[in-house]
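Asker: If you want our numbering, it's the 1-based position in the sequence shown plus 248.
Do not rely on the hints blindly, as some may be mistaken.
[As the list claims (entries may be wrong)] With a Cα cut of at most 35 Å, we get these calculated DSBU-like pairs of lysine-lysine: (1) K500 / K460; (2) K547 / K583; (3) K426 / K583; (4) K426 / K275; (5) K568 / K460; (6) K405 / K257; (7) K257 / K285; (8) K460 / K623; (9) K426 / K279; (10) K257 / K460; (11) K537 / K457; (12) K275 / K307; (13) K307 / K537; (14) K426 / K496; (15) K623 / K279; (16) K496 / K457; (17) K307 / K623; (18) K547 / K275; (19) K500 / K257.
[What the hints assert, rightly or not] Across the chosen pairs, the derived CB separations fall in these ranges: (20) R253 / R403: 33 to 43 Å; (21) S428 / L325: 53 to 63 Å; (22) P523 / A365: 19 to 29 Å; (23) Q266 / I463: 37 to 47 Å; (24) Q383 / R618: 35 to 45 Å; (25) A575 / K547: 30 to 40 Å; (26) H485 / C351: 24 to 34 Å; (27) R492 / Q266: 36 to 46 Å; (28) Q266 / S399: 21 to 31 Å; (29) E614 / D339: 53 to 63 Å.
For the record, the hints were derived by calculation from the structure and aren't laboratory data. Note that CB positions come from ideal geometry on N, CA and C, so glycine has one too.
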Amino acid sequence: ATYGRGAPKLILTRGTWQQADLEGVEKIQAKGRLMFKNLSDREELFIPEVDVSVRLLSKGSIEGLRVRAEVVPRHDLSDGYESPDSVPRRDGYWSTYIVQGRCRTFMDLTVTVDREAPSSPSSSSSNAGEDALAQVTSCCVEVDYGCYGPSGLTRHKQHIVLPLSYPDASAAAPKEIKGSGGDDQAFSVYSIPTHLLHHGDDPLDVIEKYVKPHIAPGDILAVAETPLAIMQGRYRHPCTVEPRWLAKALCKLFHPTSSVATACGMQALVDVVGPLRAFFAAVAGVLCKLFRVPGIFYKVAGPQAGLMDDISGTIAPYDKFICLGPADSEAFVRKVEEKFGLGAAVVDVNDLSKKTKLLTILAATERLDRRLLYKALLPNPAGNDEQQTPFVLIRPTPS
């Protein structure tokens with residue numbers, strides 16, 4: 249769904265991952281299983297090679313640390329051809345493998361971060377490495393793989409963001425901000441910090457872990473739309489986008505700050521909504537601008553046009569990716585209400601909301617006080633930078 253019409257014939261999923269092992273100070277290790285799937289009906293596609301690189305993110309320097317990625321082919325789990333190369337290899341060599349139409353194969357990937365061996369017994373790099381290891385927050389894994397078949401040899405990439413540190417969910421209550429809404433309704437706002445969210449997180453499980461300990465009767469939960477989309481895996485790297493002539497032409501119609509003002513940003517939207525809808529939305533937008541009626545493109549193109557964030561639109565390392573808006577927001581808020589008894593809303597708010605007095609409510613439960621929601625969220629208590637506070641609890645209080 250993230251790639252839409254731009255999906256390659258041979259896709260690699262981001263996989264299922266175990267929570268990073270943080271025991272001790274010697275190393276951090278994350279293990280996952282990724283799946284290749286041939287989306288074509290009849291074509292047999294070869295996977296001739298797979299290469300992996302890892303970029304660490306930290307609160308400080310990563311000097312004294314080393315990061316390794318181990319790939320183990322798991323063709324023994326495939327539902328296609330059996331071959332002598334189906335036996336898992338641990339020497340790092342990727343045996344060329346054929347994936348039949350609509351079939352799958354797998355690979356295990358282990359990312360290990362540890363300290364570099366000191367160059368001498370008296371070296372202080374060991375202590376530096378230990379300190380640096382405690383500062384590591386996450387990593388971004390890039391998997392480069394080849395696809396060989398009727399279209400020749402093509403190169404593709406998949407990117408996986410993994411959290412490598414987790415805040416204490418049982419820590420003291422988050423900072424309280426007081427305010428007042430319409431009709432002198434007083435309220436308190438609590439921004440809830442989390443780990444760096446990723447595609448493997450279930451939003452309800454994250455709420456259970458970080459938000460539930462702070463819930464009180466009558467609370468409203470506001471969920472930022474971009475973190476929700478990230479947990480749904482709705483982001484892609486620009487290198488996976490192939491801008492066509494239509495996207496290159498349409499993107500020039502927009503203000504440079506728009507997320508569809510770049511060829512890749514526009515193509516990512518075209519891949520989701522389709523070229524015809526994007527074209528007619530642009531035509532309608534241009535015609536209506538002649539009569540000074542703005543925003544028609546976004547209405548005709550659909551909600552994703554306004555929700556999508558181009559690169560630099562969110563926190564690292566997602567600032568390298570094009571992030572789509574979330575899917576099924578209405579169903580999500582209903583599930584939150586059913587499980588936690590909370591009024592809930594999915595919102596799009598940023599630092600500019602303080603000035604423009606505008607925010608977007610994508611979905612909200614019934615009987616939710618929208619005026620109170622606006623008053624509480626317009627100051628953008630969750631922030632947009634490194635706060636990692638995707639959840640905001642709004643608590644009405646007696647005047």
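Asker: Evaluate each hint against the coordinates.
Answerer: We went through each hint and held it up to the structure:
Only pairs whose Cα atoms come within 35 Å are accepted, and K500 paired with K460 is rejected, the gap being roughly 46 Å. Under the criterion of a C-alpha separation no larger than 35 Å, the hint pairing K547 with K583 is consistent with the structure, at around 27 Å. With a CA separation close to 28 Å, the supplied pair K426 and K583 stays within the 35 Å bound. The suggested pairing of K426 with K275 is violated, with an alpha-carbon distance near 42 Å, which exceeds 35 Å.
This hinted pair checks out: K568 and K460 have alpha carbons roughly 32 Å apart, not beyond 35 Å. A threshold of 35 Å between alpha carbons decides the hint, and for K405 with K257 the separation of about 13 Å falls inside it, so the pair holds. For a cut-off of 35 Å, the pair hint linking K257 to K285 stands: about 8 Å separates their Cα positions. For the given pair, K460 sits about 23 Å from K623 by alpha-carbon distance, which is consistent with the 35 Å threshold.
A hinted pair counts as satisfied when its Cα atoms are at most 35 Å apart, and K426 with K279 does not qualify at roughly 43 Å. For the hint linking K257 to K460, the alpha-carbon distance of about 42 Å lies beyond 35 Å, and the restraint is violated. With a C-alpha separation of about 47 Å, the suggested pair K537 and K457 falls outside the 35 Å cut-off, and the hint is violated. For the proposed pair K275 and K307, the alpha carbon gap of about 17 Å is at most 35 Å, so the pair holds.
Between K307 and K537 the CA atoms are separated by roughly 46 Å; this puts the pair beyond 35 Å, and the hint is violated. For a cut-off of 35 Å, the pair hint linking K426 to K496 is broken: about 47 Å separates their Cα positions. Of the supplied pair hints, the one linking K623 and K279 is violated, its CA atoms being roughly 43 Å apart against a limit of 35 Å. Between K496 and K457, the direct Cα distance comes to roughly 44 Å. Violation of the 35 Å bound is thereby established for this hinted pair.
Among the hinted pairs, K307 with K623 is consistent with the structure: their alpha-carbon atoms are about 33 Å apart, no more than 35 Å. This hinted pair does not check out: K547 and K275 have alpha carbons roughly 50 Å apart, beyond 35 Å. At most 35 Å may separate the alpha-carbon atoms for a hinted pair to count; K500 and K257 meet this at roughly 30 Å. Roughly 20 Å separates the CB atoms of R253 and R403, a value that falls outside the hinted 33 to 43 Å.
At about 58 Å, the beta-carbon gap between S428 and L325 stays in the expected band of 53 to 63 Å. Take P523 and A365: their Cβ atoms lie about 55 Å apart, and the range 19 to 29 Å is violated. Range check, Q266 to I463: about 28 Å between beta-carbon atoms, so the 37 to 47 Å window is missed. A beta carbon spacing of about 41 Å between Q383 and R618 agrees with the range 35 to 45 Å that was offered as a hint.
For A575 paired with K547, a C-beta distance near 19 Å fails the hint of 30 to 40 Å. Separation of H485 from C351 is about 26 Å and conforms to the stated range, judged on CB atoms against 24 to 34 Å. One distance hint, 36 to 46 Å for the beta-carbon pair R492 and Q266, holds here, with the actual separation near 39 Å. Between Q266 and S399 the Cβ separation comes to about 35 Å, which falls outside the hinted range of 21 to 31 Å.
Roughly 59 Å separates the CB atoms of E614 and D339, a value that falls within the hinted 53 to 63 Å.
Hint violations for this structure: numbers 1, 4, 9, 10, 11, 13, 14, 15, 16, 18, 20, 22, 23, 25 and 28, all remaining hints satisfied.
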